[in-house]
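Q: Okay, here's what each chain looks like letter by letter:
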Amino acid sequence: MKHLPKHLRPKWRYLAVGIETWPDGEVERGPFQRELWYAAQNLVGDAGSADADLTLLDFEFEDGYGETIVRVRHGHTDEARAAIACIDEVDGHPVGVVVRGMSGTIRACEEKYLGRRGEFSAQRTVAFENQERTAVVRNGTYDVRTDGSFSGATELDFE
Amino acid sequence: MYEAVHAHPDGDSTVARLARTAGEYGYDGVVVRNRSDARPDYDADRIDDEYGVDVVDGLEIRADGPEQASGYVGNYRRDVTVLLLEGGTPELNRFAVEQPRVDVLARPMAGDGDFNHVLAKAARENGVRVEFDFSPVLGLTGGPRVQALSDMRKLREVVDQYDAPYVVSANPYSHLQLRAPRELIAVGELVGFSREWMADGLREWLRLAERNRERQSESFIEPGVKRGTYEKEP
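Protein chains in written order, with the numbering used here: chain A, 315 to 473; chain B, 6 to 239.
Next up, chain B with everything else stripped away, as it sits in the complex:
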């Protein structure tokens, strides 16, 4: 299972520290989801050797509106393995799910964000994963948490109905905010998600990373077309 993390300088802990703690907690890897103006510096191979944790190069786009977001998608799509786009407004949510080059719509219900059947269908067609962000459940209490839970329930019902792809994350900004997969699953179960559903959302990050790594590899030409092994240099 994988978790998507904000590393220093976006968050408080370096990629190495997050990976180390994630490894101790039972994760197989982490997706780095820093913003474009706070990208971290790390050596993924070294981290994998030392802690046995796979680090996936990702980026979270934070934009004021669809036009700016579109520019960022063009700029960064080729560079990174997993491309996330922070939602939270109706315009950005809509832009993200209609854009097959975006991998994950992050935090769609934050702020003014909302989600409906139209977006869910578009997300399924374009393979855009909708994120279930558990940080409000873990970190808030009282009214704000009730609000976050009711938003999450709505999102779950829509996503389930249209079979849209999804990912699950606790959205940690430091190694202290990381929670082990079993704990996240236990929290999910209490708020109405099934065990298998939660685990699937944590595994989805890996499937996404694997698919995109294959696409980034040199033998890949386009979906369904691949350079074969029979071509030999004369």
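Isolated chain A (complex conformation):
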């Protein structure tokens, strides 16, 4: 179909979203998108979800850390923020999410707020609560493997 004239096209805002899990967490685009839609639907209903028209654009996730861009209709960014905040699990993996910033273009959004992945992660052995444990280390954060789960720590805990 022919494109809409410019003044009738919807205006968008782009939210840069950071995603974090424990090192064994695996978050994929599809399930994350589904959680986002569920969150929006549960919070603002069908009508509100249609208004906000949330869509995932870029999605990158590796080693417990990811980034994505959420497109939202101009004027509905608060609903989008709230829906994003209500994502607490994806495929049973607990996730931390944060809106790093908001822009009017995808490019500005990427340049200003994304690409902060930092150095690759490494395994290290640490003493945590008087026991030897392995930890996944990245940028000064330590995710320590304890019996069957993880504990979050930083370099300050091992000084």
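Worth flagging that the hints you see were computed from the coordinates, not collected in a lab.
Treat each hint with caution, since some may be false.
[Claimed, not checked] Away from chain A, derived, C-beta distances all over 12 angstroms, residues of chain B: (1) Q73; (2) Y77; (3) G93; (4) M157; (5) P170; (6) R212; (7) R216; (8) T234.
[What the hints assert, rightly or not] Here are some, though not all, of the chain A residues that point toward chain B, as calculated from beta-carbon distances under 8 angstroms: (9) D461; (10) S465; (11) T468.
Remember, predicted model here, so these are calculated numbers, not experimental data.
Here a beta-carbon is modelled for each residue, glycine too, at the ideal position from N, C-alpha and C.
Chain B: place on chain A using the hints.
A: Only chain B this time, still in chain A's reference frame:
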């Protein structure tokens, strides 16, 4: 703005990790609200130097009833800067708001807990902050969340009517459960709180910490009485 967190071993992440993430999310500080049998080990000055996040020493009392709670209040009041008491039963809610030595009544609507005008007036008189816990809004769905939201609405109406002091928290148990202030405010706005009201609830933790730190300082004698600067050693 401040957030009140459960750190390892009460929660899953250490104080340093929570503070680091909180700093990245735009908080100025965190209040550690661990239970008395799971107190964390940390160096607040070091964390402040490294991440620029103020760590406030707090404690959340979990008691079976008012008598036990009263004992804990006596034991811990002098040690900690912010003293919280977990509500959730009519007896404990009542005890907390009538006890000026308690700073925050945590999760008053959890479990069998309820709140009314009598408690709100007592909370205002005694300066006990009533907590609005957003963790059910963030973490639950369906019926339980509807219940939590309707409890929260009732609490808000009573607290607003009697101008009782309050705090807002997402009650996180790990750095993954932390949410940035703007996101919390956005959630609050959707469920009927105003932007300013939410921000005020997040700032209240700091006001509380500042007041209590002043009281803990050596120059403080009692409310309104302070050691002056003119006394010099001969």
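Q: Each hint should be assessed against the structure and marked as holding or not.
A: Here is what the structure says about each hint:
1. Q73: The claim stands: Q73/B keeps its Cβ more than 12 angstroms from every Cβ of chain A (closest is about 28 angstroms).
2. Y77: holds, 25 angstroms
3. G93: holds, 22 angstroms
4. M157: holds, 14 angstroms
5. P170: holds, 25 angstroms
6. R212: holds, 24 angstroms
7. R216: holds, 28 angstroms
8. T234: holds, 36 angstroms
9. D461: violated, 13 angstroms
10. S465: Hint on S465/A: holds, closest Cβ of chain B at ~6 angstroms, below 8 angstroms.
11. T468: holds, 4 angstroms
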